[in-house]
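Engineer: So the sequences go chain by chain: C and L. Quick note on numbering: the first sequence equals residues 1 to 809 in this note's numbering. Quick note on numbering: the second sequence equals residues 1 to 247 in this note's numbering.
Accuracy of the hints is not assured; some may be wrong.
Pairs of lysine to aspartate or glutamate, DMTMM-like flavour, derived with a Cα cap of 25 Å [claimed, not checked]: (1) L:Lys27 with L:Glu134; (2) L:Lys72 with C:Glu69; (3) L:Lys63 with C:Glu56; (4) L:Lys128 with L:Glu185.
Beyond 10 Å from chain C on every Cβ pair, some chain L residues (computed) [said to hold, decoys possible]: (5) Phe100; (6) Gln107; (7) Gly227.
Just so you know, the hints here were simulated from the structure itself, not pulled from any lab data. Predicted model, so just to flag it, every value in this text is computed and none were measured. Just so it is clear, CB atoms sit at the ideal spot from N, CA and C, and this is done for glycine as well.
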Amino acid sequence: MDNDFSKDEQLEKLVHDLKSVKRSEFEFHDNYKPTYSTGKGLTAKTVEEISEIKKEPEWMKRLRLKALEIFLSKPVPTWGPDLSGIDWDNTSYYNKPGETNVNSWDEVPDQIKETFQKLGVPEMEQKFLAGSVAQYDSEGVYHNLKKVWEDKGVVFMDLDSAVKNHPDLVKDYYCKAVPFTDNKFAALNGAVWSGGSFLYVPKGVQIDMPLQTYFRMNGEATGQFEHTIVVADEGSKVHYVEGCLPPDEIISKGDSFVPISSVRTSESVMTHSGQSSDVTLTFTRPYEGRMLTITPVSEGNAFRLTVEHPVLAVKRSEVVSGGGISSVVPTGKLLSARPDFVRADELEEGDYIVYVAPTETSDDPHLDGNHLRILGLFASTGTIKGDALTFRFRKSEKAEDIARELREIINASEDPGPIETGIGEFITVTLRSPELIGFCRRHAGEGRESAVLSREVMLLPADKQRLLVEYFLKGGGSGASPLTGTTPSRTLAFQMQEILARGGLFAELAENGGIYSIQFSPDSLPHEVIRQGNTFLVPVRRITGEPYRDLVYNLEVSNQNTYLVRGFAVHNCTAPKYDRNSLHSAIVEIYAKKNSQARYTSVQNWSKSVYNMPTKRAWVDENAKMEWVGGSLGSKITMLYPSSYLRGPYASASNLNISLAGGGTFKDTGAKALHLAPHTTSKIVAKSISIEDGKAIYRGLLRMNKGAVNSTSRVQCDALLINDESSSLTFPHDEIYEPTATFSHEASVGKIGTEELTYMRSRGLSEDEASSMIVLGFLDDVMKEIPMEFAVEMNRLIKLEMGKLGSVG
Amino acid sequence: MSELKITNLAASVEGKDILKDVSLTVKGGEIHALMGPNGTGKSTLGYVLVGHPNYTIKKGSIKLDGVELVGKLPEERARAGLFLAFQNPVPVQGVRLSAFLRTAYNQLHPDEKIPIKEFYDSMKAHMKKIGIDESFMSRSINEGFSGGERKRFEILQMVMLRPKIIVLDEIDSGLDVDALRIVAEEIREYHSQDTGFLIITHYQRILKNIQPEFVHVLMDGRVVKEGGNDLSLKIEDEGYDWIRSEA
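Could you build the full structure based on these sequences and the hints that come with them?
Structural biologist: In structure tokens:
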């Protein structure tokens, strides 16, 4: 039962943490006007125009025209959902966003860049990935591949660029797995395709980071027809790693500093902009590998993190030419240097990392000058014992002055109470006013040994905070420049550094025998530290690494990485909400060659006006392994059946799909597995959730060809109906021609109706908790098989849909 | 001391008036039986008390310890200390019994922080007494449970969640003789000066094991007769017709 405890605890936490996120956040659209559009409707002229604008080779133009013929000759399929709402004549099939397809975000047109930034794409996520491609309406606007992979022969770019740069490679794979004749939508894609990615992983190359493509459909009633080709050549493999921090690493919450392991969702943390932002998810995972310690010039700020974790930094090599660490960096260049995220293991000594001072302030008029003076002295010299607060000053001429001033300040307060003064080795001032003691406790904890400043104090304007620092130093600091204060409280040391940074000063922290010193000069910055607005560029003094084996943590912070899902060639789709219907008809072709492993993860969250009709297919050769992981949310109608053609002996495919059919939507999804060789295996798990009047259909095809000896297949379809009106149907179709083949089907239907909810609520659970428990329980068995962060992301999106559940009675 | 006070309660479901005028009071330390022929509104009273959204209260009041429950959500009523053992508990796929009980407990007793292991140890001990195999902890609630298993699970929830006012709707149906004895034993053990019971039953069977001090007879949505345990014995012998003709 021990396993059960941890599972239940995890569940409890998930139920507790799930918070609703409003879809509307993503349903904005910008006013960017395409620089070129082929206008509405589709003829041979449209297709030729597209090809001309793209300056395509003749062979591609001919293929387009051939595909158009097939498209026009095929009827709209009627065996599935009602597609009569697609307005073929009023759809614009090609929108070009601008002239550029670049590999630096700086060169992406501002409005488009802002859109991707709002979706959280460009910075953080990009650095988690081996490469990424961004597509806006019809065209790729950005592509990037880490040099290390480029050097190994990996090709990753949008397909348009690949047609020009790698025509022979493209010809080998273009529309081989998905021929135009496959279906009307595949033919349409063949005629008007634009954008999409081309990824080629050469023989034996194993990529340990994901590659990702982002899509954004902005125009109303536009089509998006990307074509993606993934080729995993013999023996190649993809596998992903994410970046995390160790549990005791200290995170700034803006007013305090806490271990990352204690951060919960819905709390706020600081972001690199200096503004706080909500934590929307927390991740924990075991990590075994190298843990780096990055020690900046201010040694007390040393922090640990995993090798792949992105760090905001300026590479020294970018601001200085030729020199090593000792070379002098021109200040002017540093002042204008733009920090960027760099993998921790790509950081070098002498590089600059970025210290960020929070910019939020909030004045508390109740905290006046005398209050801050007392707090400064209390934090450096105060202790509370029983009902007495004692300030101790090491005996000196100055100490007598301070003690006198302190008595005056106390006496000036509303309720000073009796004051005792002692003179010995130390000069002591003891007060017993419960009001004053309570005040000190509230704003600076228990005094010197464990001082922690309150949120109110941390947010005060800089001039008030300066008083506190001044008296903190008067209490126990040295008077000579650079000024130095000391404290045994780690938190206070970081808080002091932050306060000084808010005031434009950078203090260096150091730790020695449990005592932290805060050292700064009131009129200059330390050598080589550069201030840029509210941030400071601080050189890295030392980087060390050590083996590590324990849990590591990571956070997802809203507005920073809102839609972060990782996996092989991940799609991350959002489209703005329009009343007019848009059409998405993509082709994805995957070629998993002998002994290779390919994984394709796709989470699609289209707006509810989109018809989503992609064709996705993989050819899986001998002993190769193909994994499809899909999440289908949003859209008006989705018809999607990723297919695996198991072409060589011992090829295997797994297909996990989770569909969410919200109110007014229709998900006709499933999978196909075609066993064309001996000893092939397939596993299909389809989970659907239907809400309100949402319809979810599982439509599957399993074929075992004659000669596919000893092949096996397992199909599992689970449906969850939320409220009493939603519906789910299963249409499995089996064609078995091989007597030694074995297969199984399992299906289940659960529901969250009034009776189920009332039963659970009668035991004290809120409607929200009850439905969350049911949904999580429903997904429980696939949680084990999909990456944790993907599962959590699914939960969050499901929650987003379930926000409407309030109407269920 | 806890007190459930139902006053002039009338309620309908799907436009049909089921309860017309029901008043009764259950205090801590008391055991009441609500009897009556089939279709007279006994189970409806249970659903109305628990706040089932399909039932509409037309008039009257339900107070628990002076707090009005009419208009409150089911979870708020549970948090006030009310518990209904359902006549037909529904299966809920995918929700593990152990996680469900613990989540419920945390909701009902937010100030008590019981470590998860301690909670499960206690759950296992109770399961053993009630005769539910430990393996049920990781099963979905009520899914694939026999009628008797469902009833035992209702009793397990009662003893674990520690409500003050307990309504048992046909708790004896689906139980064999031995199971009935165990369930009755649990109820007697849980019964104290702080807990009040309202046992809804068609037959007198359960009342042989748990003797009520107060018996109310419900007919056509009204309480038509009240008495002590002797009333239930008379019903056992003579049925309900004599009450009907009296009324």
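Engineer: It remains to establish, for every hint, whether it holds in the given structure.
Structural biologist: Hint by hint, here is what the structure shows:
Distance check on the hinted pair: Lys27 (chain L) and Glu134 (chain L) sit about 34 Å apart at the alpha-carbon level, beyond 25 Å; violated. Restraint check for Lys72 (chain L) and Glu69 (chain C): not satisfied, since their Cα atoms lie roughly 64 Å apart, outside the 25 Å limit. For the given pair, Lys63 (chain L) sits about 79 Å from Glu56 (chain C) by alpha-carbon distance, which is inconsistent with the 25 Å threshold. Simply put, Lys128 (chain L) and Glu185 (chain L) have alpha-carbon atoms about 13 Å apart, close enough for the 25 Å limit, and the pair holds.
Listed as outside the interface, Phe100 (chain L) is inconsistent with that label: its C-beta sits roughly 7 Å from the nearest C-beta of chain C, within the 10 Å cut-off. Taking the minimum C-beta to C-beta distance to chain C, about 4 Å, the non-interface status of Gln107 (chain L) is violated against the 10 Å cut. Look at Gly227 (chain L): its CB is around 30 Å from the nearest CB on chain C, clear of 10 Å, so calling it non-interface holds up.
Checked against the numbered hints above, the structure violates hints 1, 2, 3, 5, 6; every other hint is satisfied.
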